[in-house]
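Could you build all of it, start to finish, from the sequences and the hints given here?
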Amino acid sequence: MGVVTAPSIKEKVPPRIVACSPKSLHHRQGESVELFCNASGSPEPALIWNKDGKPLQASSRIQIDGYKVIIRNVQRSDAGVYMGTFTNSVGSVSQLINLVVEGAAYILIPPENMTAIEGQRIKFQCGAMAYPNNITYNWFKDSENIKFLPDYGKRVNAFKDGSLVITSVVKNDMGWYTCHPTNGIGEDPKASAYLNVTYLPKMLKMLHRIYWALGHQQSLVCNVDANPPIIKTQWTKNGRTLQFNSDRLQLLANGTVVVSRVQNSDAGSYSCQASSSLGRGPSSLLVQVIVRDPPYFTIRPKPIYQSVAGNSITIPCDAEGTPKPEITWRKVDGEIDWESRASQNKGNLTIYLLEKADHGDYECVATNQITSIVIGTKLLIEKTTPHAPYNVTVTTSLFTAKVQWMPAYNGGLEQNYVIWFRNTDALESNWQTIRVPPGDKTSFIVYSLEADTLYEFMVLSRNIMGNGLYSDRVLARTLGTSSNVTLVFVGYHSDLPTSLPTKPNGATYIPPVVRPIGPRPKAPLNVTIKVHRGAVNVTWFAPQNSNVSIFYYVVEYCNDSVWHRVDEVVLTPKSWYMMRDLKPGTYKFRVFSFSLLSYSQPQESEQVVVPEGIAVSTTATSIPDTKSPDNDNDGTDDSDNSLSALPVPAIGGIVGGLAFLLIAVILAIIAVIISKRKQKKKAKKYGNVKYFEPDQVDSSRKKNRKVKLRQNGIMGTKMEEETL
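Sequence positions in the sequence shown follow the numbering used here and run 137 to 860.
Some hints could be false.
[What the hints assert, rightly or not] Ranges of calculated distance between the beta carbons of each label pair, as one might list FRET restraints:
1. Glu-471 to Gln-540: 42 to 50 angstroms
2. Lys-460 to Ser-579: 32 to 40 angstroms
3. Glu-167 to Asp-287: 51 to 59 angstroms
4. Glu-167 to Val-217: 46 to 54 angstroms
5. Gly-470 to Asn-527: 17 to 25 angstroms
6. Leu-343 to Gly-375: 13 to 21 angstroms
Derived from the structure by calculation, the hints contain no laboratory data.
Note that the structure is predicted; figures quoted are calculated from it, not measured.
Note that beta-carbon positions come from the ideal geometry of N, C-alpha and C, so glycine has one too.
This is the structure we're talking about:
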């Protein structure tokens, strides 16, 4: 009897770790990290990953791929204890992996702003953490390392714990203090705080003696430094408190005394004392005020001088006073060319070889110890190009811009203007120009602009001498969704334009629409193409119940993968367009509906073949006031297009009649030619002999000539040559 062997049963084995990442991993912040762990066992164990005792969650940076965990751009928050646990029906086993993320220091306790009274002790705190934790703290004052400050190691000291201590602060300690902790890894963080140092008002240097001009307005400043600011200033004159109970005396908030119409009695010794919320500061030293007569002009320049370019001019000026005043000249808006073309002899200003740039306002200044006095004059340089307009302003609407300016000197000649403008929102921004009609106009309205578009404007002046200078450039945006005008696009848009804009002469125009603004109108319906003899007719239906007013349609065609737009628009209510001179080929057409601010999605037609012999114009106009053969819109014919608008049978009848008439004319000509040939043969056969009495020859010849003329209907001269 044989031995029976029992079927083998696979042995169950608990999980056992066979490979794993090191128990401690160190990686720098921003690097990629891979953790792995593998185990054997029967049945095959399942792996679960945990971090710090909680299930590990996958994210955009963390990928869990079976026995691997991949962390990209590792951050501080990724640091911790990772545990991989393998489990089967027999048992389980776990492996711990400690991930340490090394990175730059980060500040936990930043310094805070502080205010201290001069003489106090202050301490800034700065606390940071990092791994590794070998942190060094560096302090800076207004971007300068404090180690280079004169008082470092004396009043100013930094400590290893990150603190900064200043004993007995002074005014110069005021400023920004910045803490820079570092551990040598990555970019160092920083945090700043401001130290405000307060102190009693301090008197600064003041003049011991000053001069006031009799009859002029003069002032006396209390030169003080204070933090917090002064709240009160007290003045004394000759040891007595100065009372501000006169309309000639005024005390300003900053402590300055203003004296109007100075009198001799205002002379004396003045002193001031300032107070702040901290208290009262010391009094200033005495200031001696001396009152004297001011200088005066003995020779005054005329208000206006006129000359031409290339000439020279001398403008006189002189003054007297005690002490004798010094005369100087200055140009209000510009510089005087002292190096090559200008000189001063005593008080007289001379400019040689005058140029356009010399035009302007000049001032003669007389100065002595008492005060300065000024008198002005204007120099006009004539027969030059005009000067640049100024104070240019632009006021916009949806489609227009009103440009206004102030005229500058015209060079002594009549000037006119040119407006320069361009669309700065466009990829290719080319300047456009408009001439302003002649006259004294200093404003002009530019029409047909794009809505909600930024434009740049300049004004150029010119006269018979040529172009002047451009004004400063001004930017202005036409109204729209980006402007301050609110357009509410809900339901029926009654706030949108309902009619074409007009110019001052009443003519309407169609503003350009390059990009849609606001709601789009509905697209046209049922775009249909029909090829007639000599024309291609594009027809469509207007969309129903459009919540945006439609003003016109635009037709485009394509036969080379590029869409081409026809030159003209189709104004509503017309809904068809006819073209000639298209090359033979396969075409598609599409039509857009346009409001004044936007346009619809295109409505395309089916493909259509234009055969040989069709003459279809891509620049043909839409046919106004005609009845389309494909719709029932009523209208009257335009004489230029009435033939192309006739029905096909009518056109065929007209062509047939013309052909019949042409054939009849040809047959008549042939009959005349045959008749002439017969007459020539007969004359040749009988010798062309005629028998007449002598007195009948002339009359018979004339009669015969007239009969033949009537029979053949041919010009008499020609017939006479053939019968004689």
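Status of the given 46 to 54 angstroms range, CB of Val-217 versus CB of Glu-167: Roughly 19 angstroms apart at Cβ, these two residues miss the hinted range, so it is violated.
Range agreement (Cβ of Ser-579 with Cβ of Lys-460, hint 32 to 40 angstroms): Once the Cβ atoms are compared, 52 angstroms apart, the range 32 to 40 angstroms for Ser-579 and Lys-460 is violated.
Assessment of proposed distance window 13 to 21 angstroms (beta carbons of Leu-343, Gly-375): holds (19 angstroms)
Asn-527 and Gly-470 - C-beta distance against the hinted 17 to 25 angstroms: holds (18 angstroms)
Cβ distance range 51 to 59 angstroms for Glu-167 and Asp-287, holds or violated: violated (44 angstroms)
Beta-carbon spacing of Glu-471 to Gln-540 - inside the hinted bounds 42 to 50 angstroms or not: violated (30 angstroms)
Violated hints, listed in ascending order, are 1, 2, 3, 4; each of the other numbered hints is respected by the structure.
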